[in-house]
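Residue numbers (the working numbering), protein chains in the order written: chain A, 1 to 508; chain B, 1 to 341; chain C, 1 to 332.
Mixed in with the good hints there might be a few duds.
To be verified - SDA-like cross-link-like pairs, simulated, lysine to any residue; straight-line CA separation at most 20 Å: (1) K194/B with P101/A; (2) K365/A with K194/B; (3) K314/C with P101/A; (4) K119/A with G183/C.
Keep in mind that the hints were calculated from the coordinates and are not lab data.
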Amino acid sequence: MKQSEAASQGHSLFTATGITKSFGLNSVLKGIDISVGEGEVLALIGGNGAGKSTLMKIIMGMYQPDEGSIFVAGERIHACKPGVSLAKGIYMVPQEPMLFPNMTVEENIIMGFHEKPAKLRKRLKEIMNEINWDLDIFRKAMSLSIAEQQLVEILRGLMRQARVLILDEPTSALTFDEVESLFKIVEDLKKKGIGIIYITHRLTEVFQIATHVAIMRDGVITLKGKISEFTRDMLVKGLLPPDCEEAKNQENKEIDYTGLKPAFELIHFSGYGFWDINLKIYPGEILGVAGLVGAGRTEMALTVFGRDRTISGQALLEGEDVTGLSTRAILKAGINYVPEDRRLNGLFTISDVAANVTSSLVTGKTMGRIFINKKVEYEIARRYVEGFRIRITGLDQLSGSLSGGNQQKIVIGRSLATGPKLVILDEPTRGIDAAARKDVYGIIHKLKKQGVAVMLISSDMEEIVELSDRAVVVYRGRIRGELKKREITQAGLMAASFGVGEGKQVEI
Amino acid sequence: MKISFSPRLKQVWKKWEFVLTLIILLEIIIFALKNSKFLMPRVLFGSMNDIISICIISLFVTFVMITGGIDIQAGSIVGLSSIILGVAWQDFGFNIWSASCLAMVAAGVCGGISGFFIAYCGVQPMVVTLGGSFLYTGIGLLVSKLSATESYKGIGGFPEGFLRLSKYRLFGIIPFQVIIFLILAVLAYILLHKTRYGREVFLVGVNQNAAEYSGINTRLIIMSTYVLSAVSASVAGIILTSYLGTAKSDIGATLTLPIITAVVLGGTLSTGGKGSVPGTALAAVAIGTLRFGLPLCFKVSQQYLDIPVGILLLVIIIGRALLNRPGLRVKTVIRGRIPHK
Amino acid sequence: MRKILKSREINSFLFLAGLIFLVGLINPSFWKPVTIINCFNDSVVFTFLSAGIAFVILTGEIDVSIGAVLGLSAAVGATLLRDGYGVATALFAAVFIGTVVGVINGIGVAVLNIPSLIFTLGVNGVVRGIIYVYTKGAWVENLPADFTLMSNRFLTKNVTLFYGAAVLVVIIGHVILTRTRKGKYFVAVGDNSAGAALVGIPANKIKILAYVLCGIFSSVAGMIYASRIGFITPTAGNGYEMKAIAACVLGGLSLTGGVGSLAGASIGAVIMSSISRILVFLGFSSDYDNTITGFLLLTIVVINTSAQNHTVRKNRHEILLARTAQKGGEKT
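The whole structure should be built from the sequences, with the hints applied where relevant.
Laid out in structure tokens, this is it:
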């Protein structure tokens with residue numbers, strides 16, 4: 001602790017002031033100031049969409065800031081392309097390491113340098129000795145675990161004589177032991193006087209290794225300072241919007257659960273990325289599944305949807321076992337899923353709106369046995385286009401040319417076209433504007449009235465509070481607390497999502 | 001809310017097909033002005049014989065390319081089918097029509113094997129069909145060894161009925177092959193643009209993930225397109241055998257380039273998801289007209305014809321690349337920075 | 001499996017050695033040094049072609065115009081020789097052709113971002129046509145004897161001058177690609193092009209360079225072809241591109257890029273061009289040539305790809321499982 005205090009009194013290694021950035025009308029960063037001194041670890045915390053990754057891309061020179069300037073060791077740098085930031089000693093270890101899988105560790109590290117290999121090799125050995133790392137440098141990158149790959153990335157940074165290291169959620173894919181060894185490394189780096197920006201979702205880690213903390217929300221830093229000045233609850237508060245009390249569930253009726261049979265049930269459901277999940281969803285109920293991206297919620301939904309293997313446990317739809325069925329069979333049984341990544345998994349961008357809305361009906365006979373009945377297709381498509389107020393010039397408009405909100409409504413429309421008993425909505429309002437968001441909420445409420453069971457996966461706590469009849473929080477693949485309607489608060493959800501508390505105790 | 005039925009998507013398509021039609025018309029006008037013999041129906045239709053295989057196969061290779069794949073083995077399957085037909089008929093006593101069916105089934109199996117490797121093992125289509133082109137050419141040669149006839153001579157002496165497949169002319173003018181091509185074109189059009197299967201082919205090509213999420217068995221669909229293109233290659237092989245009067249194992253060796261050219265020229269996106277049967281058919285006819293008209297009217301030697309076809313292909317793909325990325329500057333790209341959209 | 005993947009060119013070499021051994025077991029007359037070395041000598045054209053296209057394949061692209069480049073270079077070089085120009089002039093002209101086509105291919109693929117198969121297919125058509133225009137469809141014959149005799153010059157007792165040159169070039173190329181800083185860029189671009197950009201490798205420049213090298217190698221192959229055959233038909237080199245690609249795959253290169261080496265490609269070329277000779281020694285007719293090539297090719301890529309996909313899936317699952325792992329110290 002002493003050391004870092006001493007360092008912070010010294011000169012600042014890295015400073016960014018007044019950084020702003022907007023994409024089109026969407027302003028992502030609204031004036032960011034951060035600085036890191038020698039031997040400091042600045043923990044940068046923020047929910048999904050807070051603008052952290054945009055900020056990092058600006059620091060690395062992949063994006064150009066609209067305003068603001070960046071200083072390294074007092075010298076202003078014009079980071080307009082990646083090379084400049086690298087040369088000035090800033091190195092980012094990406095969340096998913098970008099190694100050359102078919103090359104050895106050594107080749108990976110010294111790739112892109114201009115010195116002689118023998119010299120580089122010597123330096124690499126020195127660095128590895130200095131910080132006491134043991135890694136067989138002749139192994140292929142393909143055979144490394146994620147933790148080891150991150151080590152390689154950090155070594156890459158050190159070889160470049162990086163004075164500022166950015167670690168982007170380095171622990172998200174690590175086991176507990178690996179996290180411990182990573183922390184040791186961070187301590188070593190601290191002692192060497194390297195400044196570290198540590199991006200994370202896990203509040204517990206912040207108190208373990210950070211010297212300073214900054215919280216980002218909606219493109220601004222809401223809170224920053226020495227870690228010793230903060231408590232966990234203060235950090236949680238900083239993560240929440242100031243008007244957080246306003247978010248209220250519009251319908252105040254509680255569902256009367258007596259005599260209701262669950263529409264969908266998971267029993268000790270385990271798979272890749274989630275473990276021992278138990279939950280029930282009733283007809284006409286919206287179950288909020290809160291947590292952070294990467295907590296395992298999407299993996300759980302995808303496994304239910306037949307996209308990955310179940311390890312153990314059961315999924316029951318209206319009492320019938322639907323575990324391990326193919327996606328086609330699951331759709332037929334009455335479950336549909338609205339994917340999180342619209343572009344990657346949801347939208348047929350160069351197909352027209354009608355084909356998009358009806359794509360999950362193609363395998364069935366609704367639109368005709370052999371031939372596609374255009375009339376039926378257009379009727380179904382029109383039903384959702386009109387019902388959801390999707391703004392298009394015609395049913396034959398290409399869906400890729402629509403706004404995010406309209407695209408999302410199309411994908412939701414598709415999932416409803418199969419007449420499901422359970423709809424899993426994964427981040428249904430991510431990246432869409434306020435008006436479209438309202439429409440999507442309207443659709444969800446309508447579904448609820450029709451008696452459809454809704455699983456709402458969202459990292460937007462406000463959304464969970466506003467819509468859910470009940471909520472569970474998933475943290476690192478496990479359910480961490482279940483909340484009844486009146487117990488759901490943003491603060492509670494946020495705390496549990498960051499691994500603090502069970503979701504209800506936190507007072508703010 | 002009003003929904004206008006202004007078919008924007010179709011308009012875009014019509015646009016490209018319109019351009020192709022214009023190209024064909026332009027070709028015809030220029031060629032006809034230069035040499036009036038060009039317009040004689042008998043000459044015009046007679047020219048179809050040389051390009052009919054390309055026309056037929058490219059129709060179904062369109063399916064493959066819409067799923068994002070590629071098929072460079074079709075040419076070898078033409079030869080394989082031809083020789084299977086000949087050997088089965090001459091040396092194994094098959095009836096000529098059942099020999100034809102056998103050839104088609106064998107071709108389907110070959111396409112299925114390649115398709116399986118591509119769809120279920122995840123091997124690149126280019127590599128599999130490259131291997132396939134060696135394998136099926138080789139098997140064709142081996143099959144020809146089963147025959148009493150020397151393989152370089154080819155098997156001939158087919159019955160009249162079979163030869164009529166290519167000699168018969170409707171109304172004394174239109175060759176029967178042309179009719180087969182038209183029938184197949186209509187079939188392909190209906191299959192691709194009107195049926196559930198065709199819709200699935202498109203959806204798989206646009207976004208395979210999203211298609212999986214819609215419950216479509218994307219692997220089966222991908223595999224099936226290779227079966228289709230192989231069977232069409234075998235139909236082309238049968239017709240070619242009838243036209244030439246001999247069955248040989250290497251009659252399809254030079255077809256790969258023109259087939260891919262026809263499909264790409266027809267507006268099919270090589271990354272998949274976009275394409276149309278009319279486009280391919282028109283492009284095939286445009287290429288055919290070019291290959292036929294240039295020698296007849298401008299005394300361009302047959303062998304030079306790869307140049308105009310190659311240039312046509314290059315111009316089209318470069319033009320599309322430039323149109324799609326207006327901000328492209330050579331310097332920035334060479335420096336290793338890929339402009340994002 | 002990992003070990004097998006690790007040293008693919010060694011595997012190809014062992015495969016070739018095993019093949020020679022087995023054939024010798026069945027027919028001992030194959031085991032004469034002359035016969036075996038002739039397998040190598042005869043592969044010289046494909047050694048150059050495969051080594052050339054290996055540059056392109058390592059970066060993850062493909063070039064199907066090399067057969068036509070071989071044909072055009074051979075035709076132009078042979079014509080110059082016939083008309084009394086020296087070998088150096090002819091070679092220079094050939095290499096110039098290879099370079100020009102390489103630059104065009106490189107720009108089309110790297111700058112215009114057109115799928116390499118489609119683009120080089122178009123270039124293939126144009127170059128193939130130019131051969132006909134240039135030769136007016138006729139054969140180029142009557143090459144000077146001192147040029148055609150070059151293919152019979154021996155470096156040592158059994159190794160021809162040309163194969164010696166090929167080995168030298170492949171070794172130099174191999175060392176550059178595997179030992180030098182910039183040489184490794186080729187493999188890096190094919191291995192992970194996004195990652196390559198991140199460490200400051202100019203991916204597009206490398207791709208263009210790969211196409212140029214490929215063009216040059218193909219044109220040199222063309223000159224050797226001219227010397228060995230003694231006359232050039234307009235269809236010279238037709239289909240060689242497919243055989244060269246097949247040779248690369250047999251030599252352990254992955255068409256997705258980033259895996260393999262020039263040495264591997266040249267061993268693949270030997271395997272590829274020895275198959276018909278080996279068949280003869282086994283008492284089969286060489287008609288099995290294509291069948292066996294195709295079969296080997298398919299078997300190798302299917303096994304490799306399946307193993308690779310399996311590893312990827314396994315790794316993903318391991319990462320996901322790690323996220324849910326719980327141990328002590330989870331207290332909050």
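Practice item. Against the earlier hints, flag every one the structure doesn't satisfy and list their numbers going up. Key: Violated hint: only 1; rest satisfied.
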